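Colleague: One letter stands for each residue in the lines below.
There are 2 protein chains.
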Amino acid sequence: MVPHFLTALTGPLLDVERKLLDTTPRIERWFRLEWQEHTPPFYCSVDLRNAGFKLAPVDTNLYPGGFNNLSPEALPLAVQAAMAAIEKYCPDARHLLLIPENHTRNTFYLQNVQRIQAVLRQTGLAVRLGSLNPEITAPTSLELPDGQSLLLEPLVRRGARVGLADFDPCAVLLNNDLSAGIPDILRGLQGQVLLPPLHAGWAVRRKSQHFEAYNDVAKRFGKLLDVDPWLVNPYFARCGQVDFQAREGEQCLADSVDATLKRVRAKYREYKIDATPFVIVKADAGTYGMGIMSVKDAAEVQNLNRRQRNKMAVVKEGLEVSEVIIQEGVPTIETVDNGTAEPVVYMIDKYVIGGFYRVHGERGIDENLNAPGSRFVPLPFAASCNLPDSAGSPECAPNRFYAYGVVARLALLAASLELERTDPDPSRFG
Amino acid sequence: MVPHFLTALTGPLLDVERKLLDTTPRIERWFRLEWQEHTPPFYCSVDLRNAGFKLAPVDTNLYPGGFNNLSPEALPLAVQAAMAAIEKYCPDARHLLLIPENHTRNTFYLQNVQRIQAVLRQTGLAVRLGSLNPEITAPTSLELPDGQSLLLEPLVRRGARVGLADFDPCAVLLNNDLSAGIPDILRGLQGQVLLPPLHAGWAVRRKSQHFEAYNDVAKRFGKLLDVDPWLVNPYFARCGQVDFQAREGEQCLADSVDATLKRVRAKYREYKIDATPFVIVKADAGTYGMGIMSVKDAAEVQNLNRRQRNKMAVVKEGLEVSEVIIQEGVPTIETVDNGTAEPVVYMIDKYVIGGFYRVHGERGIDENLNAPGSRFVPLPFAASCNLPDSAGSPECAPNRFYAYGVVARLALLAASLELERTDPDPSRFG
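Going line by line, the protein sequences match chains S and R.
Each residue of the first sequence is one higher than the one before, counting from 1 in the numbering used here.
Each residue of the second sequence is one higher than the one before, counting from 1 in the numbering used here.
Same shape as in the complex, but just chain S:
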């Protein structure tokens, strides 16, 4: 189950990992204090890339859809963390409404929903599924591979509350990232807790705002540990007015790619890293690995052919891309069964509950792995993330996983800051 690491690592990252292990109590106390000031999202998954010389988050998902990929060991941790979360948001809750994505034919996704439902049930909630899908006009049973089934029901709005025909929940948990926009039926809810809040959806959220918040978190963390924040932080830039079809905004894109590559090159020189820097160009809003390019030179974004432009122009739900983030590419040195791999860490509330590797057999170490053909290898991450072996060397698996848990929680903390800063109703955070 434990993946083979391509190489015995040396250089700066080992220094950071050694430091994480040696200063665990200080790090954990720092998180403990941060969580007194900031509220973590209900749940979150973070894609990490381990370059050997740096370890950084590259994507932070506030509607994690891979609970089915977690190993069984992760489930008790998930239940325990969900108990803590529910207790905070609605301590006397009896009913929770879970709103999944609309793709009802994706069996893997449905198993994810089943997992979330099972975890929440164990926290003392009756959990039912409400669908935003206009095709669901009556209760609809969906078969699962294990012979069980999921019952999707149409949402019903009553005054300032949303629910089902015979179900008035205290809390509403979205597992739908609202790429298609904020549905009216969810606007202006009162007396119900909506998790995560509407502005966490891709209709409002921007990756660049997340990584701006992450910048601040990484800086403070770097100060705490006396390390260069770049070792856990990818550089990024942003272009706000891009129209791939009309070829508008190409100059901003080229300039930003160039500027970011220059900054990365300087760091590579500083750390004597013998590799070619690259950046990832992707939609500032959106998910699902669509609209993503790996670029090594500014010229590449100025000469996109029609196929490339089409690919970049839209992401999920036909959402048009006009805002773009240019993010320092972090190569991965990890492989699982000869496939290129990157770790995905799952959290509920402020707790790391597990993770898995996303593995792609046909992609390179400098490419996006969230693409058709990828598979998932569950890992008993959690055991390792919470309990490093302080006597072992940094590259031994439990220690590496502890480091992953720390960096993933930095991104989680950044998500908290991001949601505070972008909240249209800041009174919420008092």
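For the record, the hints were derived by calculation from the structure and aren't laboratory data.
Some clues are possibly wrong.
[As the list claims (entries may be wrong)] Okay, the calculated bits of chain R under chain S, using three or more residues with CB under 8 Å as the criterion:
# : region
1 : 14-27
2 : 32-38
3 : 66-79
This one's a predicted model, so the numbers in the text were calculated from it and none came from an experiment.
Positions of the beta carbon are idealized from the N, C-alpha and C atoms, including for glycine.
With chain S held as given, fit chain R onto it using these hints.
Modeller: Here is chain R on its own, set in the frame of chain S:
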């Protein structure tokens, strides 16, 4: 790892277990609400006995000493639960003082201390060990089997605070049950959190007070589930003035044994249980399985020979027994590797974090297993306690373990009530 269950169980217990599984959300919500009213002890272990026809706690330990017997899977759960607990008691804590038992030559016990220290370290605390042992007058290093070591240091009192020479902790965690009495150095602490409070120690605590509180919890739980509380509750009685050496109080003992056996016999008839009722006679204060008798007839306690009287007269630390609890004996139907077995469930804060089986090859199903010759079989309890398989039958292992987790938490809740009721300073619970 999963123990063999002697028999495919039928009868009342299966009914209860089925009910526990079917009403999981209701049970978990009930616990959630209870924990809003009551504060769980920092940690707790509960000995359970599964008779097939009933499942009940027989001992609740507020200074659990077997963390070393838990499987590695339990550790991340322990860390997560300890994080939640520390956050509650002293959110900005940096230093914690752990006070272990005095038996410094018991390697198993020292490994337990090492485990607790490792878990707490992961919550962001610097943890050091302070000893009540008068022989520890200077920092003393104790070797552990894994080559690591524990550093025991003498306690230092400064005003209303206790610590070490160069260590002023925010919190003091006792893993010493104070059988020898409350030491002056721990009295009247101010500005420090002492966990658990002094009156949880055996100098003050009485088993009968615990089981009185458990009575109330079992009654309410029975009402919640519409089941006979006896199915999770052992009857008990108490004699306050017993002197085994002077043969005083024998009549109270005989009468209580008789009365308790009568009540149990009536229940056995009601449920058509074909077995001979027995009671366990043990010290009302104290631990470690000393001073324990299994009795089937009142006459047995009236004709104790000198050896038996000597055995009953003192428990740990030479504490004299004068108060006695007479508890309904719950036979165990569980075996592990042909040894008689009983489950021990571990909790931190309000969370089940794991457990193990206490196994004894030479003891019968109606005898105390906490005796020389017992061994421990760790079980991946937690996975099962929190996540029952609602499709499986009650006697399948995960479901049984969920039931164990529920009943153990009933005892945990009873311990909370008990500590509230016996608190010399009730303002603590507002």
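Colleague: Hints first: check each against the structure and report whether it holds.
Modeller: Hint-by-hint comparison with the structure:
For the region 14-27 of chain R, the assignment as covered by chain S holds, since 4 residues bring a beta-carbon within under 8 Å of that chain's beta-carbons and 3 suffice. Only when three residues or more bring their CB closer than 8 Å to a CB of chain S does the claim for the region 32-38 of chain R stand; here the count is 4, and the claim holds. With 6 residues carrying a beta carbon less than 8 Å from a beta carbon of chain S, the region 66-79 of chain R meets the three-residue requirement, and the given coverage holds.
When the structure is compared with the earlier hints, no violation turns up for any of them.
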